[in-house]
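Here our numbering is used: the first residue of the sequence shown is 208, the next is one more, and so on.
Treat each hint with caution, since some may be false.
[Claimed, not checked] Pairwise CB distance ranges, derived in the manner of DEER restraints: (1) R473 <-> F434: 52 to 60 angstroms; (2) R243 <-> L362: 13 to 21 angstroms; (3) R414 <-> I293: 22 to 30 angstroms; (4) G446 <-> I261: 45 to 53 angstroms; (5) R414 <-> Y372: 46 to 54 angstroms; (6) Y358 <-> L453: 14 to 22 angstroms; (7) R243 <-> F434: 46 to 54 angstroms; (8) I215 <-> L430: 39 to 47 angstroms; (9) P381 <-> R414: 33 to 41 angstroms; (10) L453 <-> G246: 36 to 44 angstroms; (11) L430 <-> I261: 26 to 34 angstroms; (12) G216 <-> A412: 29 to 37 angstroms; (13) P382 <-> R473: 55 to 63 angstroms.
No wet-lab data here; the hints were simulated from the structure. In this text, a Cβ means the ideal position worked out from N, Cα and C, and glycines have one as well.
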Amino acid sequence: MSPIAFRIGPLTIYWYGLLITVGVLAGGYVATLEARRRGQNADHVWNGLILCLIFGLIGARLYHVISSPAGGVGWSYYRQHPLDIIAFWKGGLRGLGIYGAIVGGIAAVYLYARLNRLDVLTWLDIGAPGLILGQAIGRWGNFFNQELYGYPTDLPWGIPIDPAYRLEQFRSLPPDARFHPTFFYEFLWNLLVFAVLMAVGRRYADRLLRGDIILLYAILYPLGRFFIEYQRPDAWTVGGVAVAQLLAVVSIVLSGAIMAYRHRRRATPAES
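Using the sequences and the hints given, assemble the complete structure.
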């Protein structure tokens, strides 16, 4: 399996970059639908998307650079090769971390909304379903890159990984060895979260507070990532615990607490 989708003369198009582009466009389209449904100017989606891409790319790269994945390239490499920090395009947009992209994207929405005098929470809600859909599509880039796979498995849906792309501890396994498709698990989970966000946003529109959809995203996506991380042999760990799981717990607890507090406060009659 090749990470290269096709070539046009000297230009090489990689599956990873192509799928990220498709994910961004699909997410942007969903955001325009959400904006119109909420009576907002959908032009802000495409105008703000440029800033989101810049901030998201910076955040994703920084997260990757400071990480220390098992058997992968991280801070131990970049501190000795600092010029490679900015070379995110190598191999068709390799070396990006989703948590960093999320933080960068949220920061961009905040900045764009403030500069254009828009309600930040409303626009975070508008962008959340498109964000998780884009993540789902982008995960297929990991499949073509033969990365972010899980432990060996005998399950019928296990996927082959070429020996050249395997972690060191798996290179001695037979060529036909199969591995957990963790990218696919996350793809399915992200699609489920997308469906939930879209359904909740419509069915309970009259009961939701501004910011509830992005808070629900910040609960549901990390919940799935927490359990999927158990199947990741390349996880970045601190004290034996995967950093992605630590971030997931923080996001779930904090977002859940904020949502509960806001709704309890609304339900409590104001004192006269």
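Each hint, compared with the structure:
Taking the beta carbon of each, R473 and F434 are about 32 angstroms apart, not inside 52 to 60 angstroms as hinted. At roughly 43 angstroms, the beta-carbon separation of R243 and L362 lies outside the given 13 to 21 angstroms, and the hint is violated. Take R414 and I293: their Cβ atoms lie about 46 angstroms apart, and the range 22 to 30 angstroms is violated. Taking the beta carbon of each, G446 and I261 are about 34 angstroms apart, not inside 45 to 53 angstroms as hinted.
At about 48 angstroms, the beta-carbon gap between R414 and Y372 stays in the expected band of 46 to 54 angstroms. Distance hint for Y358 and L453: a CB-CB separation of about 21 angstroms, consistent with the stated range 14 to 22 angstroms. Look at R243 against F434: about 35 angstroms separates their beta carbons, and that is not inside 46 to 54 angstroms. Range check, I215 to L430: Cβ separation about 41 angstroms, and the 39 to 47 angstroms hint holds.
Checked against the given bound of 33 to 41 angstroms, the beta carbons of P381 and R414, roughly 55 angstroms apart, lie outside it. Here the CB-CB span from L453 to G246 is close to 39 angstroms, well matched to the stated 36 to 44 angstroms. As the Cβ distance of L430 to I261 is approximately 29 angstroms, the hint placing it in 26 to 34 angstroms holds. Under the hint 29 to 37 angstroms, the C-beta atoms of G216 and A412, about 50 angstroms apart, miss the expected range.
Roughly 59 angstroms separates the CB atoms of P382 and R473, a value that falls within the hinted 55 to 63 angstroms.
Going through the hint list in order, the structure does not satisfy hints 1, 2, 3, 4, 7, 9 and 12.
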